[in-house]
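Visitor: Chains A and B, in that order, give the protein sequences. Sequential numbering from 12 applies to the first sequence in the working numbering. Sequential numbering from 12 applies to the second sequence in the working numbering.
Rather than coming from a laboratory, the hints here were simulated on the basis of the structure. One or more hints might be untrue.
Claimed, not checked - DSS-like, lysine-lysine: derived pairs with alpha carbons at most 30 Å apart: (1) K457/A - K259/A; (2) K680/B - K680/A; (3) K185/A - K118/B; (4) K656/B - K698/A; (5) K153/A - K698/A.
As the list claims (entries may be wrong) - FRET-style restraints, in silico, Cβ to Cβ: (6) P220/B - A386/A: 23 to 31 Å; (7) P220/B - E702/A: 57 to 65 Å; (8) I547/A - V387/B: 39 to 47 Å.
It should be emphasised that the depicted structure is a prediction, and the values quoted were computed from it without experimental measurement. Heads up, the beta-carbon is just placed ideally off N, CA and C, and yes, glycines get one too.
Protein chains: 2
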Amino acid sequence: MATLSDIGVAAAINILSAFAFFLAFAILRIQPVNDRVYFPKWYTKGLRCSPLANGAFASKFLNLDFRSYARFLNWMPAALRMPEPELIDHAGLDSAVYLRIYLLGLKIFVPIALLAFTIMVPVNWTNNNLEHSGLTFSDIDKLSISNIPNGSDRYWTHLVMAYAFTFWTCYVLKREYEIVAAMRLHFLASEQRRPDQFTVLVRNIPPDPDESVSELVEHFFLVNHPDHYLSHQVVYNANKLSGLVKEKKKIKNWLDYYQNKYERNPSKRPFLKTGFLGLWGDSVDAVDFYTAKIERLSRDISTETEKITNNPKSIMPAAFVSFKTRWGAAVCAQTQQCRNPTTWLTECAPEPRDLYWENLAIPFVFLTIRRLIVAVAFFFLTFFFMIPIAIVQSLANIESIEKTLPFLKPIIEVKFIKSFIQGFLPGIALKIFLIFLPTILMIMSKFEGFISLSSLERRSASRYYFFQFINVFLGSIITGTAFQQLNHFIHQSTNEIPKTIGASIPMKATFFITYIMVDGWAGVAAEILRLKPLIIYHLKNFFLVKTEKDREEAMDPGTLGFNTGEPQIQLYFLLGLVYAVVTPILLPFIIVFFGLSYVVFRHQIINVYNQEYESAAAFWPDVHLRIIVALIVSQLLLMGLLSTKEAASSTPLLITLPVLTIWFHRFCKERYEPAFVRYPLQEAMMKDTLERAREPNLNLKGFFQNAYMHPVFKSVDEDDVDVAMEEWEVEPSLVATKRTSKRSTPFSSKHGGSTLSLPEANNESSKPENA
Amino acid sequence: MATLSDIGVAAAINILSAFAFFLAFAILRIQPVNDRVYFPKWYTKGLRCSPLANGAFASKFLNLDFRSYARFLNWMPAALRMPEPELIDHAGLDSAVYLRIYLLGLKIFVPIALLAFTIMVPVNWTNNNLEHSGLTFSDIDKLSISNIPNGSDRYWTHLVMAYAFTFWTCYVLKREYEIVAAMRLHFLASEQRRPDQFTVLVRNIPPDPDESVSELVEHFFLVNHPDHYLSHQVVYNANKLSGLVKEKKKIKNWLDYYQNKYERNPSKRPFLKTGFLGLWGDSVDAVDFYTAKIERLSRDISTETEKITNNPKSIMPAAFVSFKTRWGAAVCAQTQQCRNPTTWLTECAPEPRDLYWENLAIPFVFLTIRRLIVAVAFFFLTFFFMIPIAIVQSLANIESIEKTLPFLKPIIEVKFIKSFIQGFLPGIALKIFLIFLPTILMIMSKFEGFISLSSLERRSASRYYFFQFINVFLGSIITGTAFQQLNHFIHQSTNEIPKTIGASIPMKATFFITYIMVDGWAGVAAEILRLKPLIIYHLKNFFLVKTEKDREEAMDPGTLGFNTGEPQIQLYFLLGLVYAVVTPILLPFIIVFFGLSYVVFRHQIINVYNQEYESAAAFWPDVHLRIIVALIVSQLLLMGLLSTKEAASSTPLLITLPVLTIWFHRFCKERYEPAFVRYPLQEAMMKDTLERAREPNLNLKGFFQNAYMHPVFKSVDEDDVDVAMEEWEVEPSLVATKRTSKRSTPFSSKHGGSTLSLPEANNESSKPENA
């Protein structure tokens, strides 16, 4: 039970550390040498040139204009200045809608907080239950529901508030769903011609003894979609080839490193040892060694390429089928093709750069088996992850280290180091696990067989949310591992569960306030510093970069990271909704989180992140669903809490809330979700008609030529992107791009791709603010 | 705890009563006067003429050929003789697949019973737990799991058996799903051209200020399906008109009654009183009175018809849109048309006779609200239905009757009557409720807004199953009302629930054996007697029938009644699966039920029932799902039972069973369900191509002219069917029908309809066995 002043101190510390991060960012940001770390987005869009090119030598690396240091927070208004339509042009719809999640948080919680502080806090404050209870209590508890005596009529206020908050949340959610759906449809409608609009991915093509996959696909679609079928592209199993190409790239980096070393110090040729980790073995000339290795790999790659193109076994039973019209593609994607619903599976093709090629060939039966395996594995991961960690912890103590590595003994026995290790070791296994958790979840999703990066990230996000819900939210409220909770709940009566959790909720308010400040305030402020990319960029810059192109590759703009970012936001929605009625003092902290994150991430999206794909906000149904889940959880917990408070007469009124919320969710799902899943024929027809009128003699076949070629084939002949570019430049554009883009957004991602239309881009306001 | 001999006595009684029913049926059936009650199917198919037409007078009504009495059970082999393909031609796929549910029961339970009796019964029998327990027990209990001492290793047998039974059930289910899906697709593929193959039902057409619904539909589909759209038919709101037509039909019956009366006794014109129930009021000539009334109604009907056709407000925002090809219709039904997913909702049009016209105009928002209301209402119906019944029961006691109707007092006070009423009254309210339950559930489904009779019946069936599961199955095991159970379960820990139920399962075995014999043996045997239709037919025949056509209308062949029959079968699946491991002695009783029902219903389907619609076995996914549910329930209850038996080490092994079963269900759902929901494009294209090759100059437009006219318009001009017939006869047939059908099956149902192809009908074997 922390007092208000305790929380004040914690707040001060976190605010100070946040400010420290901002200050560091402000200083690092305006150094020209860091320009590519803090403004990579503008480089990839070709709107900013290297500041190293001109000016005095010192000013190439340090900013000597001291006036610019004074305005160290001016990035904040600048980040807010870009209007939303331009933001969509600049960074894509995914990013723009992702920012709306933070706005949604503000829209939901600001009115709720106002209402709670004008009505509920006075009701709570004017009691003296705690004073009479003889328990120790703090001012914060006086503001919470704990201050109301059992069986009091004042609980009606909380009941009414619960209704008001639910209705307000649902209203905002519905409006937001409506807006996002409209934005998505508008975005899709105003897009330029892209191959994925005309293309359908066909999977599980049944084997045929007489025909090759390619012939089979052609015949099937010529028969069943005679008026619309145009062409197709088979999918090759190029997993081995991509391994080789990746290997080659790595070796090339080493070669560059040694060549740079040699150039800087031409007197001494660099040598290396060929054995394990370069620690022993024969000493050879490094440049020659790697040059030879690259030559060997290039030979292997060309052999493998030939093998793939000539061997029919390397063709997977999947194909990209292109149609003459968007209408034809929309029809094919939404219908069932064959009697056997597990063959000839069609779906809208993802963007080429969104594809996860490795999973294209998994047959149907394996998909269902894999799903079962992953479901079971995830269950064990969530509820039993503490077991292996506890084992590691028990092994990784000082005694066993001393036993296995006796030569470390004298160092360990130093008192300071010993206590450090003893305090540090038990936590490290857990910490490492938590750092790798998103990766583990991503591997699970990949194993499960999703075929686009966007769906992989969405799936990982829902798993991560569930894990956090169980292990962070419930785990903090009911201390104990998830398995202990599970065991506890199984042995408890059904209506006891919300009671148990509900009753301990008010007591955990201060814990969560601290959590919000550390994770939500300081954590978000740290995000803007980009410490890891900063270090890596400078390392690469020093060791590997030779040409301007290398420098461009050394940039790591990163992405939003939907699979980790969104579940984090959702945790705040959950906390806000759960504590809105119970301990409203938590709400301002959450509002600060949402506001701060909005500004920070808007800045990052404008200046830094470069999305790998564009799913046109396909994740919104997930976001909506999880807020609904949080709402229902908050209602159930309030019900449990009130029933321990002997306000049982409120139970029937509280039960109707989740029923209504579930119904609301179903309504929204039916009303808005189809916009995120299917492409309406009316829209497709409209775009087709418009296009036919504008360009009657369009040659679409050429347009599709290599759109869905495996990226590895493009990159085989080295420096792939430029080759792909040439094909793309031929493409006529509906809306002329005003920006003279050197490398427009979509190309910059790994797998080559497609272009977005950038209507009426306002060059003035979209320039980065650079003093 | 009944002994074996108790059960033997009960079995004898029920077998005897079943035989009595069969005997009565055998005698009544061969009386010519009952021919239309026991063979209506053949009359509606036009394959049997009235036996009244020829022969001696006495033999018109009574069968005097005494040899035929000797072979009184010969209908059984006859019922089994018709091969399945012919059965499908004769009675439709729905009926044929419905019979397969009984066969499925046999396929599942016969091997399970064999295995149980060879392995599990000896294991149970060779213990002496009960003898040492000091409890009273019977031989039946010695055969059950109760005879095994707690913590015994013998429970491994039951565990292995549970696995074996689950795998066997799943294997049979999967095979059956596969077969039924193939049958459905074959049936659809071999069907003749029917309007519903080319037609899509469009609902929620948005209002347009400038265009009428008809123009709007035409423009929308001309734009969005330009190559495929052919014509459309708007839907009129003719609910009032159908009321008038129904009223007229009723009045006409009365007129017929009085005319008959007058003809039989021409000396005295029949009079009637116009007041309440004909008890008082002015006395008028009945024939004149009703003739005048009919005239007035006919005038009203023609005014109303005119009003509907001229008033644009009576056009509902729904339409039937017909396409040039099946491919076009399949595409339109499976795709989303408009940005707003709640307008222009398309789905495959049901057969005209399957349509439930009243629900065609419900807008989307109301649909979701109605669904919520029905869900809540059904919840209360299931768990609180005892409350109003208890109130009625408390009111309907002898004292209150004597108070309200004092003149009955002397009669009631007679001792015999008094005790009869006292024993009878409390039960009657419950009995009446249970009789009306299917109707109540059907009204709920209608309120919910389903638009076809088949979906109404499917929905009612699932509700009825749920009600039975809660109130019959759980209600019998844990005595007490559903609400008490619910309350009990809420206050109980989650893993206690299967324990509580599981532990009382073995004790209820004898109760369920009796239940099966009464409901499943005698009840099924009573079904074949058709007592209610028999009485009604003879009443109508005596009072109303004038012409042969009237006699045809007096026949009430009835239908299978999916909404009541299927849940009953499912209860037996549930009992069988739950008791297979616990008390295998129950299995033979269930096998007898399945065998007997199969024969009885096969006979009824061949000779009696006339389906109102043909959904091509669209109900199979529901059947499959419910058996899976029964399987999972049985696994959970076994887990609960074994954990009370201190065989807790088996729990982890038992938990994997439901996980695997759920996974199996999901696999089947994805693999087979689409065949029941969507029409594959390949199939559509194949039929289209075939048809185009055979009849290049087909005029489809005329074919659709009145296919989806509201049935009431057809019947307005009296004797609707013949008019509809004429239109139909024009239709060219792919496979010539060998039977010269006077009124082929589909026409005979209420709403007019379509024809089925009857390839290679074998006239020999399909004739009814008539000695």
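Visitor: Are the hints correct? Go through all of them and say.
Guide: Hint check results:
For the suggested pair K457/A and K259/A, the alpha carbons sit about 24 Å apart, so the restraint of at most 30 Å is met. Only pairs whose Cα atoms come within 30 Å are accepted, and K680/B paired with K680/A is accepted, the gap being roughly 21 Å. As the CA atoms of K185/A and K118/B are separated by approximately 51 Å, the hinted pair breaks the 30 Å bound. At roughly 69 Å between alpha-carbon atoms, K656/B and K698/A are farther apart than 30 Å, so this suggested pair is violated.
At roughly 61 Å between alpha-carbon atoms, K153/A and K698/A are farther apart than 30 Å, so this suggested pair is violated. The hinted range of 23 to 31 Å is not satisfied by P220/B and A386/A, whose Cβ atoms lie roughly 52 Å apart. Distance hint check for P220/B and E702/A: the Cβ-Cβ separation is about 30 Å, which falls outside the suggested range of 57 to 65 Å. Separation of I547/A from V387/B is about 58 Å and departs from the stated range, judged on CB atoms against 39 to 47 Å.
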